[in-house]
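Q: Given chain A, put chain B in place with the hints provided.
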Amino acid sequence: MSPPLTHEEHLEVLACIHELHRCRSLAAFPEHVIRALAPLIPSNLSAFNEVNMPRGRILATMSRHFPNLADMAVVWERHSGEHPLLRYIVETGDGQAVKVSDFMSEAEWRGLHLYRNFYRELDAEDQMSVTIRSDAGVVLALAFNRPERSFTERERVKLNLVRPHVLQAYANAEELSGHLDQKQDLETALRETGWGMIALDAAGRMATATPGAPECLARYFPDADPEGPLPAALADWLATDPRTPFTLHGTESTLIVRSPRRSERPLVLLSEERRRRLAGADRLTPREIEVLRWLAEGKSNPEIATILGVSAGTVKLHVQSILAKLGVENRTAAATAAREHGLVATSLRSP
Amino acid sequence: MSTAGDSPLSHEEHLDVLACVERLYQCRSLAAFPDHVLAAVAPLVPSTLSAFNEVNLARNRVVWVMDRAVESMAVIQENWERHSAEHPLVRYVTETGDGQAIKISDLLSEAAYHQLAIYQTVYRGLGAEDQMSLTIRSDEGIIIALAFNRRQRDFTESERVKLNLIRPHLLQAYANLEELAGHADETADLRTALRETGHGLIALDATDGIAHASPGACECLARYFPGAEPRAAVPADILEWLTTDPTTPFTRAAGDGRLVVRRPRGAERRLILVSEETRRCLPTGARLTDREMDVLHWLAAGKSNAEIATILGLAHGTVKRHVEKLIAKLGVQNRTGAAARARDLLP
Numbered sequence: 001m002s003p004p005l006t007h008e009e010h011l012e013v014l015a016c017i018h019e020l021h022r023c024r025s026l027a028a029f030p031e032h033v034i035r036a037l038a039p040l041i042p043s044n045l046s047a048f049n050e051v052n053m054p055r056g057r058i059l060a061t062m063s064r065h066f067p068n069l070a071d072m073a074v075v076w077e078r079h080s081g082e083h084p085l086l087r088y089i090v091e092t093g094d095g096q097a098v099k100v101s102d103f104m105s106e107a108e109w110r111g112l113h114l115y116r117n118f119y120r121e122l123d124a125e126d127q128m129s130v131t132i133r134s135d136a137g138v139v140l141a142l143a144f145n146r147p148e149r150s151f152t153e154r155e156r157v158k159l160n161l162v163r164p165h166v167l168q169a170y171a172n173a174e175e176l177s178g179h180l181d182q183k184q185d186l187e188t189a190l191r192e193t194g195w196g197m198i199a200l201d202a203a204g205r206m207a208t209a210t211p212g213a214p215e216c217l218a219r220y221f222p223d224a225d226p227e228g229p230l231p232a233a234l235a236d237w238l239a240t241d242p243r244t245p246f247t248l249h250g251t252e253s254t255l256i257v258r259s260p261r262r263s264e265r266p267l268v269l270l271s272e273e274r275r276r277r278l279a280g281a282d283r284l285t286p287r288e289i290e291v292l293r294w295l296a297e298g299k300s301n302p303e304i305a306t307i308l309g310v311s312a313g314t315v316k317l318h319v320q321s322i323l324a325k326l327g328v329e330n331r332t333a334a335a336t337a338a339r340e341h342g343l344v345a346t347s348l349r350s351p
Numbered sequence: 001m002s003t004a005g006d007s008p009l010s011h012e013e014h015l016d017v018l019a020c021v022e023r024l025y026q027c028r029s030l031a032a033f034p035d036h037v038l039a040a041v042a043p044l045v046p047s048t049l050s051a052f053n054e055v056n057l058a059r060n061r062v063v064w065v066m067d068r069a070v071e072s073m074a075v076i077q078e079n080w081e082r083h084s085a086e087h088p089l090v091r092y093v094t095e096t097g098d099g100q101a102i103k104i105s106d107l108l109s110e111a112a113y114h115q116l117a118i119y120q121t122v123y124r125g126l127g128a129e130d131q132m133s134l135t136i137r138s139d140e141g142i143i144i145a146l147a148f149n150r151r152q153r154d155f156t157e158s159e160r161v162k163l164n165l166i167r168p169h170l171l172q173a174y175a176n177l178e179e180l181a182g183h184a185d186e187t188a189d190l191r192t193a194l195r196e197t198g199h200g201l202i203a204l205d206a207t208d209g210i211a212h213a214s215p216g217a218c219e220c221l222a223r224y225f226p227g228a229e230p231r232a233a234v235p236a237d238i239l240e241w242l243t244t245d246p247t248t249p250f251t252r253a254a255g256d257g258r259l260v261v262r263r264p265r266g267a268e269r270r271l272i273l274v275s276e277e278t279r280r281c282l283p284t285g286a287r288l289t290d291r292e293m294d295v296l297h298w299l300a301a302g303k304s305n306a307e308i309a310t311i312l313g314l315a316h317g318t319v320k321r322h323v324e325k326l327i328a329k330l331g332v333q334n335r336t337g338a339a340a341r342a343r344d345l346l347p
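Protein chains in written order, with our numbering: chain A, 1 to 351; chain B, 1 to 347.
One chain only, chain A, in its complex shape:
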């Protein structure tokens, strides 16, 4: 029959549980759990063993650093079939706290290859372990080692009391890490599409942004406060005409801003189209660029002449000059080149 704990011991258990739930990621969990349990079950060596197949985590984390951990693992695995605690959990499925001294005498323990080749060197004369979880893809266990057979029944009670809390804290850390991973994956994917994102909070301030998005905005709105409201021009656009993309031409590039139709919070997406230099394009006159834009829209020379209010002959001369400067053979190639290089980024409206 297990002894009830004192009030002070219960306070230690509660403090340990609190510490467990302060862990903020799965990556930090093994060291965190070892540190949280140390005051409750003092030992000369404690370990947290974790197998999480879906996440590809197979970890043995120890309270002390061993430079030859890989070699040690090989030795341990060779003799693990002898381990009395491992055999107990495999045979019974009971994950409650058990110790080596529950199952065998000191002499029997010292007779094992596992002891002689592994635990003796670690001064592990007794071990108490608790299995937090053991199902197909996930096994979590804690082990505490001592140089003498001194684990008490009260310590066993404490370990059994914190057991469900270690499981809950692990599940919570896994969930939090899941969200963090997803966030990172989505950010990576969005970056690949060439778009950045800024989310606005309830007060219309820029609350969260993907890496690079605030810098992109600042190139077009140098006075914008990265944690303040959207620049006035963008705020106006968002309030009045969010379905039509907002564009703003810079010296070498164009900012394009869109707003998703179905979103819970107001979001803006930013992308930048760099106008790549087309060979010869910088030698085009403003009039030639104008002609090239209409040409790329599929207008004939007489149509362009009418639009620009010049004679058809003048347009023809402009077109010949454009072809020569761009080094292309015909007007179709000129239009395609201009389009591909963003020289005609803005779509013109027919009169």
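Calculated directly from the structure, the hints in this document are not laboratory data. Note that the structure is a prediction, hence the values are computed from the model and not measured. Among the hints, erroneous ones may be present.
What the hints assert, rightly or not - Partial list, derived from the structure: chain B residues whose beta carbon lies under 8 Å from chain A:
1. His169
2. Leu180
3. Asp189
4. Leu190
5. His212
6. Arg262
7. Glu268
8. Leu271
9. Ala300
10. Ala301
As the list claims (entries may be wrong) - FRET-style restraints, in silico, Cβ to Cβ:
11. Ile311(B) to Ala202(A): 50 to 60 Å
12. Glu71(B) to Glu91(A): 58 to 68 Å
13. Glu174(A) to Val75(B): 44 to 54 Å
14. Pro226(B) to Leu323(A): 44 to 54 Å
15. Glu307(B) to Arg57(A): 55 to 65 Å
16. Ala74(B) to Glu227(A): 29 to 39 Å
17. Glu324(B) to Arg283(A): 30 to 40 Å
18. Pro246(B) to Arg274(A): 15 to 25 Å
19. Gly250(A) to Pro246(B): 28 to 38 Å
20. Glu22(B) to Gly250(A): 48 to 58 Å
21. Arg57(A) to Pro226(B): 30 to 40 Å
No residue lacks a Cβ here, since even glycine has one placed at the ideal position from N, Cα and C.
A: Just chain B now, kept in the frame of chain A:
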């Protein structure tokens, strides 16, 4: 069963506290937290009426949740707000900053309490002859408190101890959920943004299973892999492609669309970025044949009919007829007009 020495709680009461704490950390969302807390604490401190009050200005949350429905709640709330300044527990917390469990009977006699307008207009009707409250948090912008009401002045010292023991855990559980909610919001925003750009995302776990997928990504794959069940597993062809050159997209055509699968650069996990290119409907309602698409491609590249004929191994006259049909189907005037539409139409 046993009370060790001068312990304020029995072993069994300590176990009740531990069970309550375990339930607190099981809550998975900030929205569910108030109801969750009231249910978790109810076995610890039974009462005729318990309430969870939360003010979170940053999240725009002002919550007053009771463990049971109360009649004419709006009137009660209005009266409470009007007379809250004389509430002995509110005054105590405001003056001392001490959020530990405290009850009205610690501060006022029954007679003095009955004199208060807040008793006469709010608490008498609720049968609240005594109230014990616990302030979880009280800083700028965020106030979280629990209140328990009883018909008699019979709150015990062990109940006070229990509430004080769970207090840091309430605060921790709330902070953890707030962090989780922040990540969940950002994840939802990013999903929306990605969908807006016409992409879906599937992330693979260490065992080739789907770690997470955006809605639509699996449906998109299903259109190009008839018979496969992409919600359960990524098609084998794509898993195979993942082992090859990462810069070449995986493509597959079906019907009027084309699937394009890419791998984002700099990803820690194996990510599959899915998009679909659909040949847009032509204004004339007609569809371009594959041959016409070929011709359009070379036409847009600036090739003459004679050059296109050589490239595609066709007669010059055949190319000319293709171009004429293209111009008619696209509803443009000339080949330059057709080239202008090419970028929208070609896969």
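Q: Please go over all the hints and tell whether each is borne out by the structure.
A: Comparing the hints with the structure gives:
1. His169: At 6 Å from the nearest chain A Cβ, His169(B) passes the 8 Å test, so the hint holds.
2. Leu180: The hint holds - Leu180(B) has a Cβ within 8 Å of chain A, the shortest such distance being about 6 Å.
3. Asp189: 5 Å, holds
4. Leu190: 4 Å, holds
5. His212: OK, holds: His212(B) within 8 Å of chain A, min 5 Å.
6. Arg262: It holds, given that the least Cβ distance between Arg262(B) and chain A is near 7 Å, below 8 Å.
7. Glu268: 7 Å, holds
8. Leu271: Constraint on Leu271(B) satisfied, holds at 6 Å.
9. Ala300: Given a least distance of 5 Å, the restraint on Ala300(B) holds.
10. Ala301: At about 6 Å, which falls below the 8 Å cut-off, the nearest Cβ of chain A leaves the hint on Ala301(B) intact, so it holds.
11. Ile311(B) to Ala202(A): 50 to 60 Å: 59 Å, holds
12. Glu71(B) to Glu91(A): 58 to 68 Å: 59 Å, holds
13. Glu174(A) to Val75(B): 44 to 54 Å: 46 Å, holds
14. Pro226(B) to Leu323(A): 44 to 54 Å: 49 Å, holds
15. Glu307(B) to Arg57(A): 55 to 65 Å: At 59 Å between Cβs, range holds.
16. Ala74(B) to Glu227(A): 29 to 39 Å: 37 Å, holds
17. Glu324(B) to Arg283(A): 30 to 40 Å: With Cβ atoms ~36 Å apart, the hint holds.
18. Pro246(B) to Arg274(A): 15 to 25 Å: Check passed, 24 Å falls within 15 to 25 Å.
19. Gly250(A) to Pro246(B): 28 to 38 Å: 32 Å, holds
20. Glu22(B) to Gly250(A): 48 to 58 Å: 57 Å, holds
21. Arg57(A) to Pro226(B): 30 to 40 Å: The hint (30 to 40 Å, Cβ to Cβ) holds, given that Arg57(A) and Pro226(B) are roughly 36 Å apart.
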